[in-house]
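There are 2 protein chains.
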Amino acid sequence: MNKNKEMNYTFDSVRVVMVNTTEPGNIGAAARAMKNMNLSRLYLVNPKGYPSATATARASGADDVLSSAVVCKTLEEALTGTHLVIGASARQRNIKWKQMDVVGACSEIQKTTSVDSQEVAVVFGTEKYGLTNEELDLCQILMTIPGNPNYFSLNVASAIQVFSYQNYVYNTTTEFEKSSNELASFNELEGFYSHLAQVLEHIEYFEDKRPKELLMRRLRRFFGRAEPEKEEVAIFRGILRNIQPFKK
Amino acid sequence: MNKNKEMNYTFDSVRVVMVNTTEPGNIGAAARAMKNMNLSRLYLVNPKGYPSATATARASGADDVLSSAVVCKTLEEALTGTHLVIGASARQRNIKWKQMDVVGACSEIQKTTSVDSQEVAVVFGTEKYGLTNEELDLCQILMTIPGNPNYFSLNVASAIQVFSYQNYVYNTTTEFEKSSNELASFNELEGFYSHLAQVLEHIEYFEDKRPKELLMRRLRRFFGRAEPEKEEVAIFRGILRNIQPFKK
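Keeping their order, the protein sequence lines are chains G and X. Everything in the first sequence is counted per this note's numbering, starting at 62 for the first residue and increasing by one. Everything in the second sequence is counted per this note's numbering, starting at 62 for the first residue and increasing by one.
In isolation and in its complexed conformation, chain G is listed as follows (with noise of 0.2 angstroms):
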């Protein structure tokens, strides 16, 4: 391990979000987890009974990153912003996002925030069902914690407890692999999967057997995976423009 190794800037450029919690109480504990760990950025998606009093008292000394923690109504709104999205997930699922464990998502997260202000959100659901499927179409990557089989029932601030944990060791004891190329921020992500279902509705692609959410999710996946730059979704957008003024 490298001790004279300076914090770095991996750290100021990653969001924890979490989305509907329901116990404050796990709100003040992640805020302390994530300051243990130099995590500082918290944002939080339709905070159930929050701010409180319980959030504050098990946050510690972490308060400032609790009253610093940004309030959105949306997943959407706590995803602007960022190149990199991952989602968390008690277990693996049976669909097609990339997976990946706890340390796979820590790698991913240091090429993306070796690019300057490249940002990383990584996303957790609610404490009785995680995240979504809706939730996990805005995300690239599913980062999955390694656990007990038979068992498999973390806490949602233990979840970002180990998570931050082993992002710190991973930016303290790694040297940084740079990436040179730009990644696709989450909203020109957003605009291009846009224009990609307006430009398919135009040409008459959807039908019944090509219902155009299950669509729509496939290529959303296929694209994720494939962590787009952003010049490669200019490429995809020039395309989708050159198709549209086409009449049948």
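Honestly, the hints are just simulated from the structure, not real lab data.
Each pair may be met inside one copy or between any two copies, as identical chains are not told apart.
Calculated pairs, DSSO-like style, for lysine-lysine (alpha carbon to alpha carbon, straight line, at most 30 angstroms): (1) K270 / K291; (2) K291 / K159; (3) K159 / K189; (4) K273 / K291; (5) K159 / K270; (6) K109 / K134; (7) K134 / K291; (8) K159 / K172; (9) K273 / K134; (10) K189 / K134; (11) K159 / K134.
Following the hints, position chain X against chain G.
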């Protein structure tokens, strides 16, 4: 690391020992943290206000770990029968214990428990002060949990979560469920690329500023990176077929 490693004896040979815990909620949270990471042997030295409904509530589905917890009067009692004692500390200490981080401790644990019926205890102190020097005198190794040098105030259950996670990961690796969907073959991909090039000609996408050769190379690189499945290539072929009938 052995990928096919079965759940192994390490998990059953590790005791988590909590000394003078003052908040019963932390005991419940610790039980849950342990069970999630395949540990089950909890020892409680002089727990305050235990048993308690709060502990049970926080244990969630891990009440079996809680109900089989061994309550002891002294730390010595909790350590009887062990072969290696590791004390957890939030910080490095200015004294002469053998010190290591969590990964290092897990390595020692694995070595020790690889010998039949050898047991290890990992000891966690009180919420406020951690372990006393007298308690650390009973430990052979001091395990420090890495973290923010300017704020280190890990909740005791969070510390147990971090240790349990690292120990789990150290003793297993995650196998990712193989995608059940078949990948596209080389010929299918080549067929797709030439169809794509043909449609891009058709919509007059290529021009001086967008030379065919260069663009096709970038598109190949993009699609290749996503490792397309057979079905996904079929989806893209379907889209291309729907673009073709369109005329300007």
